[in-house]
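Asker: Listed below, chain by chain, are the residues.
There are 2 protein chains.
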Amino acid sequence: MRICLAQINSHVGDIIGNQKRIISAIKQAQNEQAEIIVFPELTLSGYGCGDWLLHDYFISACEQALEAIIKAASHLIVVVGLPRSAPPSTDGQPRCYNSAAIIENAKLLGFYDKQKRPNYLLFNEPRHFIAGQQLGNFKVNLKHREINLGISICEDIWHQAEPVAAQVAAGAELLINLGASPYAIGKPNTRQQSFTATAKRFNRPLVYLNAVGGQDDLLFDGHSGVITAQASQSLAGFREEIKTIDIKQIKTADRLNQDDDNKQLYQALTLAVRDYVYKNGFKHVALGLSGGIDSALVATLAADALGANNVTAIMMPSQYSSQHSISDSEQLARNLGIKTHTLSIEKTHQLFAQQLTPLFADYHQGLTDENIQARIRGLMLMAYANNQNCLVLATSNKSESMVGYSTLYGDMVGGFAPIIDVYKAQVYALCNQRNQLNPVIPQNIIDKPPSAELKPDQKDSDSLPDYDVLDAILTAFIEQRKDPLVIAKQLNTPISEIKAIIQKVNRSEYKRRQGAIGPSVSAMKSGTDRRLPITFRPNF
Amino acid sequence: MRICLAQINSHVGDIIGNQKRIISAIKQAQNEQAEIIVFPELTLSGYGCGDWLLHDYFISACEQALEAIIKAASHLIVVVGLPRSAPPSTDGQPRCYNSAAIIENAKLLGFYDKQKRPNYLLFNEPRHFIAGQQLGNFKVNLKHREINLGISICEDIWHQAEPVAAQVAAGAELLINLGASPYAIGKPNTRQQSFTATAKRFNRPLVYLNAVGGQDDLLFDGHSGVITAQASQSLAGFREEIKTIDIKQIKTADRLNQDDDNKQLYQALTLAVRDYVYKNGFKHVALGLSGGIDSALVATLAADALGANNVTAIMMPSQYSSQHSISDSEQLARNLGIKTHTLSIEKTHQLFAQQLTPLFADYHQGLTDENIQARIRGLMLMAYANNQNCLVLATSNKSESMVGYSTLYGDMVGGFAPIIDVYKAQVYALCNQRNQLNPVIPQNIIDKPPSAELKPDQKDSDSLPDYDVLDAILTAFIEQRKDPLVIAKQLNTPISEIKAIIQKVNRSEYKRRQGAIGPSVSAMKSGTDRRLPITFRPNF
Numbered sequence: 007m008r009i010c011l012a013q014i015n016s017h018v019g020d021i022i023g024n025q026k027r028i029i030s031a032i033k034q035a036q037n038e039q040a041e042i043i044v045f046p047e048l049t050l051s052g053y054g055c056g057d058w059l060l061h062d063y064f065i066s067a068c069e070q071a072l073e074a075i076i077k078a079a080s081h082l083i084v085v086v087g088l089p090r091s092a093p094p095s096t097d098g099q100p101r102c103y104n105s106a107a108i109i110e111n112a113k114l115l116g117f118y119d120k121q122k123r124p125n126y127l128l129f130n131e132p133r134h135f136i137a138g139q140q141l142g143n144f145k146v147n148l149k150h151r152e153i154n155l156g157i158s159i160c161e162d163i164w165h166q167a168e169p170v171a172a173q174v175a176a177g178a179e180l181l182i183n184l185g186a187s188p189y190a191i192g193k194p195n196t197r198q199q200s201f202t203a204t205a206k207r208f209n210r211p212l213v214y215l216n217a218v219g220g221q222d223d224l225l226f227d228g229h230s231g232v233i234t235a236q237a238s239q240s241l242a243g244f245r246e247e248i249k250t251i252d253i254k255q256i257k258t259a260d261r262l263n264q265d266d267d268n269k270q271l272y273q274a275l276t277l278a279v280r281d282y283v284y285k286n287g288f289k290h291v292a293l294g295l296s297g298g299i300d301s302a303l304v305a306t307l308a309a310d311a312l313g314a315n316n317v318t319a320i321m322m323p324s325q326y327s328s329q330h331s332i333s334d335s336e337q338l339a340r341n342l343g344i345k346t347h348t349l350s351i352e353k354t355h356q357l358f359a360q361q362l363t364p365l366f367a368d369y370h371q372g373l374t375d376e377n378i379q380a381r382i383r384g385l386m387l388m389a390y391a392n393n394q395n396c397l398v399l400a401t402s403n404k405s406e407s408m409v410g411y412s413t414l415y416g417d418m419v420g421g422f423a424p425i426i427d428v429y430k431a432q433v434y435a436l437c438n439q440r441n442q443l444n445p446v447i448p449q450n451i452i453d454k455p456p457s458a459e460l461k462p463d464q465k466d467s468d469s470l471p472d473y474d475v476l477d478a479i480l481t482a483f484i485e486q487r488k489d490p491l492v493i494a495k496q497l498n499t500p501i502s503e504i505k506a507i508i509q510k511v512n513r514s515e516y517k518r519r520q521g522a523i524g525p526s527v528s529a530m531k532s533g534t535d536r537r538l539p540i541t542f543r544p545n546f
Numbered sequence: 007m008r009i010c011l012a013q014i015n016s017h018v019g020d021i022i023g024n025q026k027r028i029i030s031a032i033k034q035a036q037n038e039q040a041e042i043i044v045f046p047e048l049t050l051s052g053y054g055c056g057d058w059l060l061h062d063y064f065i066s067a068c069e070q071a072l073e074a075i076i077k078a079a080s081h082l083i084v085v086v087g088l089p090r091s092a093p094p095s096t097d098g099q100p101r102c103y104n105s106a107a108i109i110e111n112a113k114l115l116g117f118y119d120k121q122k123r124p125n126y127l128l129f130n131e132p133r134h135f136i137a138g139q140q141l142g143n144f145k146v147n148l149k150h151r152e153i154n155l156g157i158s159i160c161e162d163i164w165h166q167a168e169p170v171a172a173q174v175a176a177g178a179e180l181l182i183n184l185g186a187s188p189y190a191i192g193k194p195n196t197r198q199q200s201f202t203a204t205a206k207r208f209n210r211p212l213v214y215l216n217a218v219g220g221q222d223d224l225l226f227d228g229h230s231g232v233i234t235a236q237a238s239q240s241l242a243g244f245r246e247e248i249k250t251i252d253i254k255q256i257k258t259a260d261r262l263n264q265d266d267d268n269k270q271l272y273q274a275l276t277l278a279v280r281d282y283v284y285k286n287g288f289k290h291v292a293l294g295l296s297g298g299i300d301s302a303l304v305a306t307l308a309a310d311a312l313g314a315n316n317v318t319a320i321m322m323p324s325q326y327s328s329q330h331s332i333s334d335s336e337q338l339a340r341n342l343g344i345k346t347h348t349l350s351i352e353k354t355h356q357l358f359a360q361q362l363t364p365l366f367a368d369y370h371q372g373l374t375d376e377n378i379q380a381r382i383r384g385l386m387l388m389a390y391a392n393n394q395n396c397l398v399l400a401t402s403n404k405s406e407s408m409v410g411y412s413t414l415y416g417d418m419v420g421g422f423a424p425i426i427d428v429y430k431a432q433v434y435a436l437c438n439q440r441n442q443l444n445p446v447i448p449q450n451i452i453d454k455p456p457s458a459e460l461k462p463d464q465k466d467s468d469s470l471p472d473y474d475v476l477d478a479i480l481t482a483f484i485e486q487r488k489d490p491l492v493i494a495k496q497l498n499t500p501i502s503e504i505k506a507i508i509q510k511v512n513r514s515e516y517k518r519r520q521g522a523i524g525p526s527v528s529a530m531k532s533g534t535d536r537r538l539p540i541t542f543r544p545n546f
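Chains A and B supply the protein sequences, listed in that same order.
Residue numbering for the first sequence follows our numbering, starting at 7 and increasing by one per position.
Residue numbering for the second sequence follows our numbering, starting at 7 and increasing by one per position.
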C-alpha cells in the first residue's frame, strides 16, 4: 500500500494558494503511483483562522475550493482537511465543522467531522467548531483490494482516543490522523511515543499528518509519519515534505531524528521567524544590537532564517554603553555578515531630559530616565523599519518578559519576538548550540554578566535574582502552576522571595499584553497558552 | 417575602476583600429584615480571573473564604457565586465549577453548578469550568413558610433556558439568577425585556443579580432586578447598590431608567475608566490633548470619572499644529478644570530628522516622519506618567483603530483606551450628550474636520472615506460579519472601496494586538469579542 504524506505549509486565509499546493501534491502522488494521499488538519484554510471561521462566506470559499481538488483527484484516495459549514447556528453556537474530506477517484465519498475539540492552552476549538457525531469509517477501493479507513483529526487520537476505538471496533484496518499539533520543546519525541503506543494498542498501522509552519504564535513542526506494529518512518521536522511511502517496505522503527531538544528548538525558532516574516509580506528585518546575549541570538536566528543580507542591526550606544558592547556587536555582525548602522542616542537623550526637566522635580533619577533611553532606541528602530519597509524583531526573552524587566515602547518594540517564550538559561544553551556549527557569537557576549546598560554600572542582578534561580521560580509558578508555598519549600528559598517574583509577574501583565507576539515553544507562553487578566489584586 | 439584592463590585483576585464586601452586605440584609440575599455570579473571585481558575490554590482560597461567609449568615438565606473545585482533571479539562453556594441560617445547604457555559464573543467559560449536572432546586425555610428556589447562573436562563424549565417542572416557586452579564449598547433594556418574557413564560417571580464594574475590557452594568408576572423593580445601573425589596410591595412594572443609549454609554465609559484606574492602584491619569474630538472626549470622561484634579493633559504642538488646536485644548482644559502642560516637539523632531537623515534617501517624505512625531509625543507622555506615577489614557476610537489610522508606540500609547470600541459617529454623539449637562467641550472641537496634523493641511478625509461611510462599512463587516459583496450592494458603494477598507482592517490587526485594552461596548470589540490572526492572506 503506497501512501503519500503531504506535509505542506498552508497559509492561513490563502484558500486559493492552499488549493494550488494541495493539487500540486496530488499530482506528485499520482506520479509516484501512490494509492492514498493524506494532508494535515485544515489544510485548505490553514490552522489558526480565528473568527474568520465565523464568517459564512469564508467557509463557503473553502467548500468551493474543494471542488477543484475533487476534480484533480483521479485514481487516488485523497484525505484533506478543511472547515465545512454546519446547520445554521442557534444560541451563539459556531457554524462549522473541522472536517476531513474523503475523495475517491475524483468523487467525494463524504466527510469526517472532528469530535474532540481542545479548549485548553492555545486551543479554543469549541468557539469555532461544533462537534462531529459520525464514525469516521470509510471503505475505499485501492488498486487490488477494498480497505476500511478510520479517519480521525488530531485531538481525536489523543487521550482516550475514543473516536478511534469506535472506528477499530467498526472494522477500521488503517488509521489516518490529520493533525495540527503544535511544537513544544521535546514534543516531537513524546508525540511519536504516544502514537506508537496508539498503533500498538489498536494493532493497526497509523498514518499521521502534521501541519508544518509558523502562524502568529503557533508553530507546527511536521514530523509526520507512518507507524506499524513493528516499524515506523518519519518525515522531516520544521520543513515541508511530500513523500510516498510503501507501508510494506517499512522494516525498522526509526526514531525521530536524534537531535536533542536545543537543536530542535533552534530549528523551530528559525522556522517561526521565516514564516512570520514571509507570510506577512516582508523580506527584511531590523533589530537593535545591544552587545547582550538576547539580541545576539535573535540576530543569529534571523540571519539563519532569512539570509544575512536580509538582516540589519542598529547599534544605539549611550553614555552608559560599555566599549565591549559596541565591539562585541560589531564582531557578531561581521561574523554573521549582516548590515549595521550606528546611531548614538546621547544627543536626543539630552534634549528630552532638558525639555522634560521643568515638569519634574527629580528628573535625573530612576526609571523615567532609563525608559526614555529605551524608547529613543525604539523610536529610531521603528523609523528605520518604516522607511525601509522592514519588520522589527523584538529581543526580549521569557525570563525578563515574565517579570517585566523591559521597557514598553522601548526595547519591546517590534512585530515579532522570536525568543519571547525562551528562558534565559535556554538562550545560553541555544547560543552554545549554534556556535558548535560555527562560532558566530563572540564568546564575550556569552560570558559577560547581563546588563541593560541604562545607568552606570547596571547589572540585571541588581534588580533580579540570578537567572538560574529566577528561571526555577518562574518554571514552577508558570509552567507547573504550583502554590508559592510549595515552590518555596521545593527550591529551599524564602517565601518572601518567591512572592516578590510572583508579584513582578502579576504586575507586568499589562506589558506582555502590548508586547510583540512570538512563537509558543514552552506550551505555556504568556497570552497564548496562559491567559490572565491585567487587573488582578492577589489577596488570598 | 423580603429579598436583598446585593449588586456589589467585586475585585478580581481580591478574595479577602470580596469576602468582606459580601459579609458587610449580609449584615445590611439582616438589619433590613431580609429573608434572602442574592449576589452576582462569581462574587467571591470576581468575574474575569482568566487562567487563575486553573490554579488549584486559587480555588481552594475561594472555598476557604466561603467558611466565614457561612458563619456570618445567621437568620438568612444566602445565595452567593464562587468557583469551587471539581474532581481532578483528565484530558486537559478544567478543574472547577462556576457555582452558587446556597446557605440557610449559617449552614451550607449545597451548591448549584452552572450548566450552560458560553464560549462566544468575550466568553470562554469551558476553558475554565466544567458543566454542572444537578438540578438547582433548593427547599429553604423562610420566616413563615418553606419555599422551593430555582437557582441558575447567567447563561442558564438565556436562550432556551433549559435548566430553568427543569427547575420549574421540579416545583421551583421563585427563580433566582446570578449573572455577570456584560454591558453593550442597548443591552440593559434588551436584558430586561428578555427576563420579563422569561418570568412570564414560567409564571414565576424572577430575581436576577447582575455584577457591576469594570474588569479589563469587560464591563458589567448592574441593573439587577425583581420581576413578577405583573410588576418589576430595578436597581441602579453602573454603580453598586444593595437594596432589600419586598416582592409583594412591587405593584408596577418599572422600566429601566429611561436613559437613552448615549447617556448609558457615557455612564458605562465613565465607570470603565474609574474601575480600571482605581483597581490597578492609580489615582491620576495623563493624556495627550491634540485639539481633536477624541482626546477631548477622553479628557472629559476622565475628569467625570476621577475628578478634574486627577487628570493632566499634555499638549505637544508641532510645526503642523494649527493655532486652534492649542486654543481649543486650553479652553477645554479650563472648562474641565484639569491641569495642562505644553511641550513642543519641534526641537526633538528636528534632531531625530537630522540624526536619521544619513540612513535614509527620502527622509522628509511620508509616513516615517509622521510616525516619528507621534512617537515623540508617546515618549513624552510616558515619561510624564513614569515620573508622576500615573496612568496614560489612549484616545483612539474604533473607526480609526479598525483601519489602523494611528501610530503604534505613538498616539496609541497608554494603559487604557476608553473609547477604543466607540465609532466616530458615537464620539460626536457622546460629546453632544455630555455638553447638554454643561457645555465643557468647545463647539469648535466638535465642528472642525478631523485631522492628525502630522503634515501640512492634513485631513483624515485625505486617507479615509467620510466617517459616516467608513462607520457603515465597518459596522456591516465587523458587527454583522457580512460578505463584502452584500455590503457593497447594501450601501450602494463600489466593491473596490469596500475591499480597500477591509484590507485596511486585515492589515492593521498587528497594531490592535499591541494597543491598550479598553471597554467592550459594542459586543464586537477587537481582541475581546472578535479574535483574529495577524498573519492572514485573504485570498478567496
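Keep in mind that the hints were calculated from the coordinates and are not lab data.
Please note that a few of the clues may not be correct.
It does not matter which identical chain is meant; a pair holds if it fits inside one copy or across any two.
Here are the simulated lysine-lysine pairs, BS3-like style, with alpha carbons at most 30 Å apart [as the list claims (entries may be wrong)]:
id, residue 1, residue 2
1, Lys510, Lys289
2, Lys249, Lys505
3, Lys206, Lys289
4, Lys257, Lys26
5, Lys510, Lys249
6, Lys254, Lys454
7, Lys289, Lys145
8, Lys517, Lys289
9, Lys461, Lys353
10, Lys353, Lys33
11, Lys505, Lys149
12, Lys454, Lys26
13, Lys77, Lys113
14, Lys249, Lys145
15, Lys510, Lys26
16, Lys495, Lys149
17, Lys353, Lys193
18, Lys289, Lys254
19, Lys193, Lys206
20, Lys149, Lys454
21, Lys257, Lys510
22, Lys289, Lys505
23, Lys289, Lys345
Asker: Determine for every hint whether it applies to the structure shown.
Answerer: Now for the hints, and whether the structure bears them out:
Taking the closest pair of Cα atoms, Lys510 and Lys289 come within 30 Å of each other only across two copies (21 Å); inside a single copy the shortest separation is 37 Å, beyond that limit. In this assembly of identical chains, the alpha carbons of Lys249 and Lys505 never lie at most 30 Å apart, being 52 Å within a copy and 39 Å across copies at closest. When the C-alpha separation of Lys206 and Lys289 is checked against a cutoff of 30 Å, the pair qualifies neither within a copy, at 46 Å, nor between copies, at 63 Å. Within a single copy, Lys257 and Lys26 get their C-alpha atoms no closer than 34 Å, and across copies no closer than 69 Å, so neither meets the 30 Å cut-off.
When the C-alpha separation of Lys510 and Lys249 is checked against a cutoff of 30 Å, the pair qualifies neither within a copy, at 49 Å, nor between copies, at 39 Å. For the homomeric pair Lys254 and Lys454, neither the shortest alpha-carbon distance inside one copy (55 Å) nor that between copies (77 Å) is at most 30 Å. Within a single copy, Lys289 and Lys145 get their C-alpha atoms no closer than 46 Å, and across copies no closer than 68 Å, so neither meets the 30 Å cut-off. Taking the shortest alpha-carbon separations for Lys517 and Lys289, both the intra-copy value of 28 Å and the inter-copy value of 19 Å come in at or below 30 Å.
In this homomeric assembly, Lys461 and Lys353 come within 30 Å of each other (Cα to Cα) both inside a single copy, at 16 Å, and across copies, at 25 Å. Taking the shortest alpha-carbon separations for Lys353 and Lys33, neither the intra-copy value of 62 Å nor the inter-copy value of 63 Å comes in at or below 30 Å. Taking the closest pair of Cα atoms, Lys505 and Lys149 never come within 30 Å of each other, the shortest separation being 66 Å inside a single copy and 48 Å across copies. In this assembly of identical chains, Lys454 and Lys26 lie within 30 Å of each other by CA distance neither inside one copy nor across copies; the values are 50 Å within and 51 Å between.
Taking CA atoms no more than 30 Å apart as the test, Lys77 paired with Lys113 passes inside one copy only; the shortest distance there is 7 Å, against 69 Å between copies. Taking the shortest Cα distances, Lys249 and Lys145 sit within 30 Å of each other inside one copy (24 Å), while across copies they are farther apart (66 Å). In this assembly of identical chains, Lys510 and Lys26 lie within 30 Å of each other by CA distance solely across copies; the values are 26 Å between and 49 Å within a copy. When the C-alpha separation of Lys495 and Lys149 is checked against a cutoff of 30 Å, the pair qualifies neither within a copy, at 64 Å, nor between copies, at 51 Å.
Taking CA atoms no more than 30 Å apart as the test, Lys353 paired with Lys193 passes in neither setting, with 49 Å inside one copy and 54 Å between copies. Taking the shortest alpha-carbon separations for Lys289 and Lys254, neither the intra-copy value of 43 Å nor the inter-copy value of 72 Å comes in at or below 30 Å. When the C-alpha separation of Lys193 and Lys206 is checked against a cutoff of 30 Å, the pair qualifies only within one copy, where the shortest distance is 20 Å, while the shortest distance between copies is 55 Å. For a Cα distance limit of 30 Å, the shortest separation of Lys149 from Lys454 qualifies neither inside one copy, at 65 Å, nor across copies, at 75 Å.
In this homomeric assembly, Lys257 and Lys510 never come within 30 Å of each other (Cα to Cα): the closest approach is 54 Å inside a single copy and 54 Å across copies. Proximity of Lys289 and Lys505 under a CA criterion of 30 Å is satisfied inter-copy only: 25 Å between copies versus 44 Å inside one chain copy. Proximity of Lys289 and Lys345 under a CA criterion of 30 Å is satisfied intra-copy only: 14 Å inside one chain copy versus 47 Å between copies.
The structure fails to meet hints 2, 3, 4, 5, 6, 7, 10, 11, 12, 16, 17, 18, 20, 21 from the earlier list, while all remaining hints are met.
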